Amino acid sequence: MSPPQERSSAAGLAETARQIRLSILDTIAAPRMGHIGGDLSVTDVLVTLFFGVMRYRPGEPDWADRDRFVLSKGHCSAALYSVLAQAGYFERSQLQSFMAPLSALNGHPNRRKIKGVEANTGPLGHGLPFAVGCAAGGRIAGAGYRTFVVLGDGELQEGSNWEAAMYAGHRGLDNLCAVVDRNRLQQGARTEDTNSLEPLADKWRAFGWDTVELDGHDHAALLRAFEAPRDGRPRVLIANTIKGKGVSFIEDRVEWHHKVPSPEQMLRAREELNRMELAQ
Amino acid sequence: MSAIDLPVRPGAAETFDCRVAFAETLAELARADKRIVAVCNDSVGSSNLNAFRDEFPDRLINVGIAEQNMVGVAAGLANAGFIPFVCCAGPFLTGRALEQIKADVAYNNYGVVLCGQSPGMSYGELGPTHHSIEDFAWMRALSDITILNPADPQQTRDAVRWAAGADRPIYMRVGRFKVPAVTPAGTAFEPGRAVVLREGGDVALIATGVLVSRALEAAERLSAQGISARVINMHTIAPLDEAAILAAARETRGIVTAEEAVVSGGLGSAVAELVVQRHPAPMRILGVPHFAPTGSASFLLDHFGLNADGLVRAAIELVG
Ligand SMILES: Cc1ncc(C[n+]2csc(CCOP(=O)(O)OP(=O)(O)O)c2C)c(N)n1
Ligand SMILES: [Mg+2]
Numbered sequence: 001m002s003p004p005q006e007r008s009s010a011a012g013l014a015e016t017a018r019q020i021r022l023s024i025l026d027t028i029a030a031p032r033m034g035h036i037g038g039d040l041s042v043t044d045v046l047v048t049l050f051f052g053v054m055r056y057r058p059g060e061p062d063w064a065d066r067d068r069f070v071l072s073k074g075h076c077s078a079a080l081y082s083v084l085a086q087a088g089y090f091e092r093s094q095l096q097s098f099m100a101p102l103s104a105l106n107g108h109p110n111r112r113k114i115k116g117v118e119a120n121t122g123p124l125g126h127g128l129p130f131a132v133g134c135a136a137g138g139r140i141a142g143a144g145y146r147t148f149v150v151l152g153d154g155e156l157q158e159g160s161n162w163e164a165a166m167y168a169g170h171r172g173l174d175n176l177c178a179v180v181d182r183n184r185l186q187q188g189a190r191t192e193d194t195n196s197l198e199p200l201a202d203k204w205r206a207f208g209w210d211t212v213e214l215d216g217h218d219h220a221a222l223l224r225a226f227e228a229p230r231d232g233r234p235r236v237l238i239a240n241t242i243k244g245k246g247v248s249f250i251e252d253r254v255e256w257h258h259k260v261p262s263p264e265q266m267l268r269a270r271e272e273l274n275r276m277e278l279a280q
Numbered sequence: 001m002s003a004i005d006l007p008v009r010p011g012a013a014e015t016f017d018c019r020v021a022f023a024e025t026l027a028e029l030a031r032a033d034k035r036i037v038a039v040c041n042d043s044v045g046s047s048n049l050n051a052f053r054d055e056f057p058d059r060l061i062n063v064g065i066a067e068q069n070m071v072g073v074a075a076g077l078a079n080a081g082f083i084p085f086v087c088c089a090g091p092f093l094t095g096r097a098l099e100q101i102k103a104d105v106a107y108n109n110y111g112v113v114l115c116g117q118s119p120g121m122s123y124g125e126l127g128p129t130h131h132s133i134e135d136f137a138w139m140r141a142l143s144d145i146t147i148l149n150p151a152d153p154q155q156t157r158d159a160v161r162w163a164a165g166a167d168r169p170i171y172m173r174v175g176r177f178k179v180p181a182v183t184p185a186g187t188a189f190e191p192g193r194a195v196v197l198r199e200g201g202d203v204a205l206i207a208t209g210v211l212v213s214r215a216l217e218a219a220e221r222l223s224a225q226g227i228s229a230r231v232i233n234m235h236t237i238a239p240l241d242e243a244a245i246l247a248a249a250r251e252t253r254g255i256v257t258a259e260e261a262v263v264s265g266g267l268g269s270a271v272a273e274l275v276v277q278r279h280p281a282p283m284r285i286l287g288v289p290h291f292a293p294t295g296s297a298s299f300l301l302d303h304f305g306l307n308a309d310g311l312v313r314a315a316i317e318l319v320g
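Protein chains in written order, with the UniProt record's numbering: chain A, 1 to 280; chain B, 1 to 320.
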């Protein structure tokens, strides 16, 4: 059994997040496919969870007491794979096979191929019901693990989320924590111009959730919110983020949902990330 | 994307993304008929509906990422006198909203046109969640839905025109995988009436969609080996052209079916159900046997033998 991984400080997390963003660029560069906007918006949440909060053993992926993690917005697989490689689930060199023929690194994560993946996501609106099941199962079994699930904001237009939210609230599953990557963009437009979500925090509160709004790129704030004492309600973090965070020409632009930077743009993106000021 | 910027291999026939023909025809029809509306799920771009939205902003209903709602809303729009074309990636349309399709569209018998965009394995590397290969089986299990699978841009245009006036539940694939034109000029489109593209008496290749051009290529190669293959474009999966199939069963020594869909419940099953009861004939059913591994659409078609090689092999096994 390997020991629980080391917890990182907020400053350490910021540096890890920079490395993960660079890894995302490399990962999507080879196939020239991927979802860079959502990868970059969710990076800080993933890094905080995997390197500051969650308990898991990459060498023992089926450890029964591992914290469960579900990336419901499964299109952001390049971010997830980069984090799983960093965490030690597989060799970083394997990232080069992203979406290659017969690769284990499918465009959407496949738990049959990659350890650390709990659920094969891709169709939006599946992660939260699944996570509710993980949490309810943990409750019934008397297990101590927590379940974390990351949702897209556009994804919340799927009714299945609200069915699951209602039931989690009803059951008072405080071993469950959802994060909404609130980047205000979906595939084709802004969420509020498509099918508006606001007042989003009120909706979650009405469903019985402990609702925290914060800056989804602030590792210290994320750490505090994940670790705050639990009060018998499931918790949701509405993580205000910028789609494409860290690369100026990608940030907050709808067309970068799944565009891939040209080789010149890749160079510029890498330079910007290398120069990125890390907030303390 | 236009048909012009296609990477065409030297010597290869020009190929087309049928979504372009689909969107152009829909806009054309919408100009003439105010009842036509498009309903979608954050899929304006992927369904090529940007021009439709600009021209008919009130008649594009984008419900967001909510496919069950999308199909229910479309049925309600039909009730209100509209002709809804639901434009959504195939898997999320037929999979996610299956019960809405069954109860709200089929059982109610509303004239809703369900357009499964980028069907089959055309989303390649995005993987099985994004492949729509179960659609034929799922739609075939429902009563009263016409299932269309146009093989090229001309059939796509014809199918859209026919669907707009049909006033009945319809499911249609709108292909993204680039295909050559296979329909001879002047061929009328009749739903439920297959197009025989090549006569032949040894074996019948009954193909649909992307597989039609591959079946033509296979027939060419079989003929070089002295095997005469009939090629049938089965663009309608339901109702089935029973006459064409029974003729193939009677007049050839075996039938190979080919579809970019699961091998259970689709075209092959439909053909088998018919011939086993009415005129038993040796058959091979080509399709997708399992969730696909990672790979591009074209890689996966080859991986599963859904190409001329696979068709030739199956035909020789049957009658060679
Ligand atoms: C059920 C379903 N419908 C449609 C899609 C296609 N799709 C993939 S990503 C996406 C937009 C997601 O937006 P959001 O949840 O806000 O994610 P993010 O902005 O973080 O990329 C859509 C519509 C899908 N994957 N699943
Ligand atoms: Mg978003």
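Rather than coming from a laboratory, the hints here were simulated on the basis of the structure. Do not take every clue at face value.
[As the list claims (entries may be wrong)] Derived list of chain A stretches under chain B, where covered just means 3 residues or more per stretch with a C-beta under 8 Å from a C-beta of chain B: (1) 114 to 128; (2) 155 to 168; (3) 181 to 191; (4) 204 to 213.
[As the list claims (entries may be wrong)] Under 8 Å between C-beta atoms, here's a sample of chain A residues computed to sit facing chain B: (5) Pro58; (6) Ser93; (7) Asn110.
The structure displayed is predicted, hence computed values, not measured ones. Ideal Cβ placement from N, Cα and C applies to all residues, glycine included.
* Asked: Looking back at the hints listed earlier, which ones does the structure fail to meet?
  -> 4, 5, 6
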